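Q: Sequence:
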Amino acid sequence: MSVRLQIEATRGAARAGKLITPHGEVETPVFMPVGTLASVKGVSQDVLEELGVEILLSNTYHLYLRPGVETVRRMGGLHRFMSWDRAILTDSGGFQVFSLTELRKVSEEGVAFRSHLDGSSHFLSPEKAMEVQIGLGADIVMAFDECTEHPADAQRSRASMELTLCWAARCKKYFEEHKYEVPWGGVQQGQALFGIVQGGMDRELRRESAERTIDIGFPGYAIGGLSVGEPRELTREIVLSTLEHLPSDQPRYLMGVGTPDEIAQYAQAGVDMMDCVLPTRAARHGLLFTSEGKVSIKQARYAQDESALDPACECRVCQRYSRAYLRHLYASNELLAQVLNTVHNLHFYLATMRTVRTWIRASHASSAGDLRP
RNA sequence: GCACAGGUGGGUGAGUGGUUAAAGCCAACAGACUGUAAAUCUGUCCCUCUCAGGAGGUACGGAGGUUCGAAUCCUCCCCUGUGCA
Numbered sequence: 001m002s003v004r005l006q007i008e009a010t011r012g013a014a015r016a017g018k019l020i021t022p023h024g025e026v027e028t029p030v031f032m033p034v035g036t037l038a039s040v041k042g043v044s045q046d047v048l049e050e051l052g053v054e055i056l057l058s059n060t061y062h063l064y065l066r067p068g069v070e071t072v073r074r075m076g077g078l079h080r081f082m083s084w085d086r087a088i089l090t091d092s093g094g095f096q097v098f099s100l101t102e103l104r105k106v107s108e109e110g111v112a113f114r115s116h117l118d119g120s121s122h123f124l125s126p127e128k129a130m131e132v133q134i135g136l137g138a139d140i141v142m143a144f145d146e147c148t149e150h151p152a153d154a155q156r157s158r159a160s161m162e163l164t165l166c167w168a169a170r171c172k173k174y175f176e177e178h179k180y181e182v183p184w185g186g187v188q189q190g191q192a193l194f195g196i197v198q199g200g201m202d203r204e205l206r207r208e209s210a211e212r213t214i215d216i217g218f219p220g221y222a223i224g225g226l227s228v229g230e231p232r233e234l235t236r237e238i239v240l241s242t243l244e245h246l247p248s249d250q251p252r253y254l255m256g257v258g259t260p261d262e263i264a265q266y267a268q269a270g271v272d273m274m275d276c277v278l279p280t281r282a283a284r285h286g287l288l289f290t291s292e293g294k295v296s297i298k299q300a301r302y303a304q305d306e307s308a309l310d311p312a313c314e315c316r317v318c319q320r321y322s323r324a325y326l327r328h329l330y331a332s333n334e335l336l337a338q339v340l341n342t343v344h345n346l347h348f349y350l351a352t353m354r355t356v357r358t359w360i361r362a363s364h365a366s367s368a369g370d371l372r373p
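Residue 1 is where the first sequence starts when you use our numbering, and the numbers rise one by one after that.
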């Protein structure tokens, strides 16, 4: 079984459907919680299931360093290792090329890293990133790219884009030659490799990157290199213009975005998949997303607030606890604060996407209307 | 009663003559967070003004004193801890 997108309803550029994967169907547009180290920080797998998470994201670089691919292989692959039967997407480590800027050196061959854990030296190349991801066994694996920093001048953006394109071709070659290797002796997995569009903040480069990535040929395409410090308006402009150059019958994945408003917007613009650490990280830092906007639960004003965090929210946190209690848990540094805050934020993100899907499907035939998630 | 040790800003705790409105940590308050080096990071944190660079006023148990200058030295008093009677 291979990964593909089954589009069932459209509204303007937006589409609703199912992403078919070896580990089940995923309702799209979908938000994918981030579980970098084979764990969505703060919540257990059964809670994720209860929340309705159908796919989550994990990370090549981090799992490669610890516990190491070999361990994951021997434990039967990432799904078995972390006891998650639903879909998984692994990022290639490309983002770490960007975020670990102090600890790495990029060459055409690949990227030399010094481990942020113990300083040891490692080398990640397109081939290595594929080898690791095949070993981890996620349903969708990402091409090893260079996430271009911002700001970057025209020359730098082009060079970075060319590097990503070159690596994309190498990723595909290696992946095609090795994807049927099932290291732990299980069944053939039907993994899919997605390409990543780069090109900085230049619309023309983005178009060229999209076209040339499509020429290489992948079952899905991601828009990378955004939300790297540029103004939101610029992000939006680049996303919208890039979307126009991506195939309409294949999954489109916008990487690393965004706030609830943003993911709703982009889903309506035709993005099928998104991931972001924001809901989980912000939760741990006391920032909660609600139907009435952001709530910084650490603020003194909530100390004796009996009301639910978000009266309009159906999550079990909002059903059961007061703002006063959540504020107290946070102020007291209780582990439960992280758990509850994360549960709520993830619920809010997932509910946001459910609303968008409903909106697309409900008005499938009509062309009018406007959504306010 | 005697002998030591000690009393510093909301807490803890540096500082033993000037560069000290007084380190660091904690608490408190506010802000940031977008393919996770993130239970992290940043700012504020005595009072009053401010053209936002600063200006002034109070402050290191209390009261005096020495000194150009004191949280720092001296005297007396108050209080705390420990030991001995």
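Since the hints were derived computationally from the structure, they do not count as laboratory data.
Everything numeric in this text was worked out from a predicted model, so none of it was measured.
Be careful, since some hints might not be right.
Keeping only pairs whose Cα atoms sit at most 16 Å apart, straight-line, the calculated EDC-like set for lysine to aspartate or glutamate is [unchecked claim]: (1) Lys179 - Glu127; (2) Lys294 - Asp249; (3) Lys294 - Glu262.
Computed spacing ranges between beta-carbons, pair by pair [claimed, not checked]: (4) Tyr180 - Lys294: 38 to 48 Å; (5) Glu176 - Gly229: 16 to 26 Å; (6) Thr71 - Ser107: 26 to 36 Å; (7) Ser83 - Ala362: 34 to 44 Å; (8) Ser115 - Gly293: 54 to 64 Å; (9) Gly68 - Pro151: 31 to 41 Å; (10) Val106 - Lys173: 36 to 46 Å; (11) Arg301 - Pro151: 29 to 39 Å; (12) Ile216 - Ser39: 12 to 22 Å; (13) Glu334 - Gly229: 28 to 38 Å; (14) Ser291 - Ala9: 22 to 32 Å.
Note that CB positions come from ideal geometry on N, CA and C, so glycine has one too.
Q: Taking the hints in turn, state whether each one holds.
A: Consistency of the hints with the structure:
no. : hint                        : result
1   : Lys179 - Glu127             : holds, 12 Å
2   : Lys294 - Asp249             : violated, 35 Å
3   : Lys294 - Glu262             : holds, 14 Å
4   : Tyr180 - Lys294: 38 to 48 Å : holds, 47 Å
5   : Glu176 - Gly229: 16 to 26 Å : violated, 35 Å
6   : Thr71 - Ser107: 26 to 36 Å  : holds, 28 Å
7   : Ser83 - Ala362: 34 to 44 Å  : holds, 36 Å
8   : Ser115 - Gly293: 54 to 64 Å : violated, 40 Å
9   : Gly68 - Pro151: 31 to 41 Å  : holds, 36 Å
10  : Val106 - Lys173: 36 to 46 Å : violated, 20 Å
11  : Arg301 - Pro151: 29 to 39 Å : holds, 38 Å
12  : Ile216 - Ser39: 12 to 22 Å  : violated, 33 Å
13  : Glu334 - Gly229: 28 to 38 Å : holds, 33 Å
14  : Ser291 - Ala9: 22 to 32 Å   : holds, 24 Å
The structure fails hints 2, 5, 8, 10, 12 (numbered hints given earlier, in ascending order).
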